[in-house]
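Each chain, letter by letter, is given below.
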Amino acid sequence: MKETSGKEEGEHPPAVMGKLNRSAILVIVGIILLFSIAVMAVLVAPGFADSTWTTPSSSYQVQMYEIADPQTYMSSVSRETDKLQYVHHLKQDVTLLGFKESKDLQIIAGAELEKYITRDGDPELKLTSRLLMLRDPEGSLRAEAERLQKKWQQEKQEREARASKEEKLKPIQHQVLELYDPGVQEAFSIDLLGGIFQDWVDKEFKILDGSLPQRYPLEGGFVYVLNPREFRITLTREGDEECWRYDAGGRPVKDLAELKSPLLGFHSRQELISLGEEIYAIEGCWYCHTDQTRTLIGDVVLNGTDVYPAPPSSANEFIYQKVTFPGTRRIGPDLSREGVNRPSREWHQAHFWSPKTAVVGSIMPAFQHFFDQDPRRKGKPSMGIPNIRFEAIYQYMMTKGTRITPPTQAWWLGQDSIKTKERIEGQRLGLRRGS
Amino acid sequence: MVTYDDRAAQLFIYPALLFMITGMFVGVFISFNAFIFPDYFSGEYLHFGRVRPVHVSSVTLLWLLSVNVGLMMYFIPRLCGVSLWSPSLAFCAGGFWWFSLIVGSHSFPWGTNWGWEYAELPMWISRIPIKGLFALSWILIIFNFFMTIAHRRFEKLYVSLWYSMGTFIWTTFTIFVGNFALNWLPEGMSRVNASWFYIHNLVGLVYTPMGLATAYYFLPKLANTPIYSHRLSMIGFWSIAFIYAWIGTHHQIHGPLSQWLQTTSIVFSIWLFIPVWTVVYNLFATLQKDWTKYLESAPIRFLMMGNVFYLITCIQGPLMALRNVNEITSKTDWVIGHSHIALYGTFTFFAIAGVYQAVPVMVKKPLWSNKLADWHFALNLWGSLLFLFSLWIGGFLQGLAWANWAEGASYAEFKENLIRIPFLQTLADMRDWWIVRGIGGVVILFGNILFVINIWNTVFLQPAAKRIV
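Quick note, the sequences are listed as chains X and E, same order.
Numbering that gives the first Met the number 0 numbers the first residue of the first sequence as 0 and each following residue consecutively.
Numbering that gives the first Met the number 0 numbers the first residue of the second sequence as 0 and each following residue consecutively.
Calculated directly from the structure, the hints in this document are not laboratory data.
Fair warning: this is a prediction, and the values are worked out from it, not measured in the lab.
Don't be surprised by glycine CBs; every beta carbon is placed ideally from N, CA and C.
Hints should not be assumed to be uniformly reliable.
[Said to hold, decoys possible] Below, a sample of chain E positions facing chain X; criterion: calculated Cβ distance under 10 angstroms:
#, residue
1, 3
2, 52
3, 114
4, 115
5, 193
6, 204
7, 248
8, 284
9, 295
10, 426
11, 427
Just chain E, with the same shape it has in the complex (with noise of 0.2 angstroms):
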């Protein structure tokens, strides 16, 4: 039997679950501050557009990402059936990790915004490379990672396995493509289409196959059955290799890019439904013998909450990308609404998850309350169909607002229809929906307080005579 070193591993999952609420708190700051309030707390250092990065920022980075990490540092070891390969180096990356993160995703109210979406970190803040030492430790990390499959016992590689090779692979690119190598391009649009291909890279190759590998890990692991179709799952796996890379112009359709990109990233994002419904199918057919099993555990729940979001998320995303459907939702806060489903509904939920199944194994201790974790549920399901829906009825509706002035035949009519329903019309009728989503995010925040609560007690107040089975 071999002992898994899970240090390195809770280096990197306790200190996501922290940021985890400072990130989200600061959402919700955010929502009452710019939105429902706007700009009741003024000034430099407070206004909606130097604080919403350090949302974003701490969201992606300090919580899901690191999360994700931590708990490939946990499935990883236990698929290949040996230890991390080093610790040692899984320490030192961690330390290069937090540091360049903490510092990088907090320096925004002073001004510190690279001007890319997603890419925000600053390359230097004083003599510190925030920006290098994250792509370092991410170096050090796959090179870990990639040395514990290289010494592994079990020859067969688990689809979980396959997704995190692709992370490590697309990963390092996009990281690079996105932070460094833009720089070096023309300026204009050659940077704005490396840009678009890095953010939608960032969510399509690094946590999309983050998120399944942990859904493909943890849910067999938590309802103790073998995954449905091995198969299916590599049919998921080389589609989302083919087609996803094609598909970051879709941000920018009716944009100045060339129109024939427009149209390749419009037929790659319909063809996104392979990868999708292989991927939600199996999941589901793997609970299908069990549904009993969805009702006594609040992990499985998320796990397959996360797995209807996740269908969601990817009818939307295609139907977003032909070019009728995406007038009226772009750029309106459908958008907000569609990037939340994806990072939250979705790949928080299966994080969620695999956290409320690590901790306890790794502590060797059972969870300290499901009750709690039930509450937990609950309440991060409905704040998110509050979140969630309140932004896209509010974001449809002001689409289909901005659409109406082109209502007409001729120029004057449209700038009639403007003067009819001028754009802060279509403002103030968002409020409301605005308020909705704020709610919702109250919700959400509270639920997940309970969730560290309930974590911080398995590890420190649990006794550990209770040894789980």
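Next up, chain X with everything else stripped away, as it sits in the complex (with noise of 0.2 angstroms):
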């Protein structure tokens, strides 16, 4: 063994420097020389070499994460029930508001505020960030609304009297709504519908009262809030519990403070997603899902839709992950494109609650902390009352894949810039001539 030739006696010497000799002065700076260039090459270097590594992939990307997601806020509509109600947080000089008249629908307003209008036809759509808002026709207005109103119920009778007797069946509601300046800095409206997607307009629209606000970026389209109405709320008593309830006619909101209050309860969407990529890392799921769509065929088509096949993840749809979980093991399927082709809320709450009875030969593991027990009934529930901690890994997963680019030019509508199905099938075709 070495250790016992070179033996050298003698006393310590009171300087380290002076025993290092040049063996390992030579260990010690090839060591840190060698693994310096490697680390320049492959950590530094990269980040300045491939901008796609912190460019947005799109300005529907930028705007969903930093305007629509902070000014989106949801809440359980009661304790009772699993859904949830909608309220957009519009702030003048902020948030970018559209006021288009449809079939079913007709705006009024005093002649200040009739430019805001798109009327059904107009070549345009208007976007104001003046703080205005919709609501049922009062005073003046009223009366004029009443002779719309019966207007189109004559113009109705006239059509349905010439119509065929299928058309006649479909009830439309009809709605004469004033457009009115509620004069205030902030506030909510409610909306209806929900979901996963933002209103959104990339052509023939026109900003109206001069410049765009600030935190919008300059090209490519603009998320939008169309035709809000005020978030107006009645507060009961069920037993000794105070609730609340949305009602047209109650009072509005006083100020963000109440709506996140734990009485209305209400988050914004930016804080569920974050929170939703902190469960995401906390329960493990990264080591069973991937969340990249690699750029193989059988990835592609396994994220795919029944038509469109899902484009494969690009660096850029990472940008807005304090923590990415590429991972390394599929156990359960890719999750990269999961906003796309799972957005239902109820399969996912059927499919959290017990993954085994909603889905035959799943293997994955039962989330009920992400329930509650529904207070009204008694003995074991079938299935609990969804908490904030399913509220925001949904939100988180509603984010893979609906991201990208914005929806009028989504990969799963056939618009795919990088044409994957061309190359997959051409890929295919090639390596069969080939062999």
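Two chains, two frames, a set of hints: combine them into the complex.
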């Protein structure tokens, strides 16, 4: 053994460096030199060399994360149901609004606000950052509304007289609403549909009142809130518990603090997505699910829709995540296109509650701690009421694959800029000819 | 004659043995509760996603890293001819070490996972800076080692010391990148890239040099013969220093990372054959003069079998980095098999051999039972083979099934394949292999319980009168 040779007896010298001979210095310097070259090349350089690592994939992605998520709030309608109430936080000079008529909606306004209305058949959608809202007509406009309503009824009867039987059966709700200026700096509007996408316009639009609010990117289209109506509530009591419900005749929510108070219990989609990312980490979802559609046919087919393959994941899809979970193992399927392939909240509810019964053959654990027990039910509940952990993980998952491009240019509509389908079909043909 | 103060080494080795058992027990538990009887014991604190990091953290940090540090505290002073520079500094480091790692590694069921692979330890638990304490104790340990080496009596540095010094520098930087610097990088791929750098270097620049330092020290000791070639060991060392840091990205082949970076990592992965084969040949050639020693000594068998597994690991590794092989093996259980052959088959086998040699010397008593050590080796070998081959074969077949989705000329045909063999079917086909894996795990666990009993009895039951020769 080497240690027995080259033995050198002697006192320990006081200076440490004096004892470090050439070979020891060579080892240390060599290690540091080789290592730092590698670090520069593989850790530092790529971020500068490849701009897709830091540039957003689209203007829609930026606006969803930076504008729409912080201004969209949601909460359970009540403790008993799993329905959600969606609310937009509107701010003067910050939120883009659009007021658009349709077959079943007519908008009336005083002369001053007339210019903000996009009539049925107008070539451009008019957007404004002035805080305006719709309401049931009041004052002098009420008579006007009644006249319009009557006129519409008449026209409808005339149309029905001409039309076939099938068309007559379709009941159409017709509304006439007044565009008004609430004269406040911020307000809350109700979103009856809610969901994982946002109203988006990228052509044939016009922004009124001068310049664009600061936080918006300058080009590529805009997310906006369509036809906002004020979110009003009434407080009630059930037993000794205070509750709230949406009520068009109720009072407006005072401010953000009240909206986020424990009683109303609203959370912004931004908060939920961020919490969802944390839950995804601590529950260890990423040990079984990858979050990347690789550049392999198997992957784009597995994640694709019936008609169109999913485009492979690109670096810029991940730039709004504090932690990214590309994953090493697929014990469960990949989730990178989950928001497109499984958008249903009901499906995820049933699946998280009991994956084995929701999907035969699944080995995923049950996540019943994402649910609270239904207070009304006695005994063992069939399924709990989703709690904030469910909402968070659901919102987080719904960002997967849905925000790469605007919904108008989405891959699931076949508008795939990198031509995944052509490529994978061509690749196979090429291989066949080659072999 | 120098008397070596081995209390610090014991402080790291003995608890590590305990956590080897607990960590492997958790591993066996999840192999049954997540795969054979999925979610049989269910609930927030018991499901696979929350228990898996306890297994990984226990066997990688509480067992393997700790026992390797302990073994270095044993052989570094002996290679330097001086006692450890400061035992009290080592006790202090040991205190931080065990406190942060024990608390951190067992906190995952309560939702403390940091979210980055192999860096799951939480930054904070309440007011306790887990990662910070762990990093601090590491700094104290390597400072102690550097001072020991600086005060050494033997002028020449044996190759184990080279590897150890490499470990000190690499590990420090690697831990820093993967656990702290990650948060300062831009979100997205920059962090992912740094994370893979960390993950791969944890194996390549932490466990590998530590394990090789151990093997290079203990094989000549156990076999009582000098190492075959110092020059070969130097080539191995410098090629590791040159190559390893480049290849982290090969975990992301076909992924969203830049293609040129993937290609770079593939090229360097292939070069890995150089350091590996020099080490493997050097260790084999050392024993070549007298193979009967293989039959006589269980620790030598562990070292040699670890060497065989190291060869297999490092044939698999570069091949898995090739794009076409990666297409089949990546994201399947093959990967789990590969990570176990590296950290279990190779480096745990090396560490076990080290413990078998070091503990009798430290307590100055012979091993309690050589027969039990023979059983330990046999059970470990057969358990490992069951474990590894089931994962490799099962994983490879699953990878082939996934590749089958790409058969055909049009997207419609691809989709048809997917409907014919859906994802869940490829999962159902894995069950038999998972059962074999679970059995292999039980055999390994049982063997290691015998090991711990043997060491316990050596330390506590063996009469001190029976002096070691």
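Hints versus structure:
{"no.": "1", "hint": "3", "verdict": "12 angstroms, violated"}
{"no.": "2", "hint": "52", "verdict": "6 angstroms, holds"}
{"no.": "3", "hint": "114", "verdict": "3 angstroms, holds"}
{"no.": "4", "hint": "115", "verdict": "6 angstroms, holds"}
{"no.": "5", "hint": "193", "verdict": "6 angstroms, holds"}
{"no.": "6", "hint": "204", "verdict": "8 angstroms, holds"}
{"no.": "7", "hint": "248", "verdict": "7 angstroms, holds"}
{"no.": "8", "hint": "284", "verdict": "16 angstroms, violated"}
{"no.": "9", "hint": "295", "verdict": "19 angstroms, violated"}
{"no.": "10", "hint": "426", "verdict": "7 angstroms, holds"}
{"no.": "11", "hint": "427", "verdict": "6 angstroms, holds"}
Comparing the model with each numbered hint stated earlier shows that hints 1, 8, 9 do not hold.
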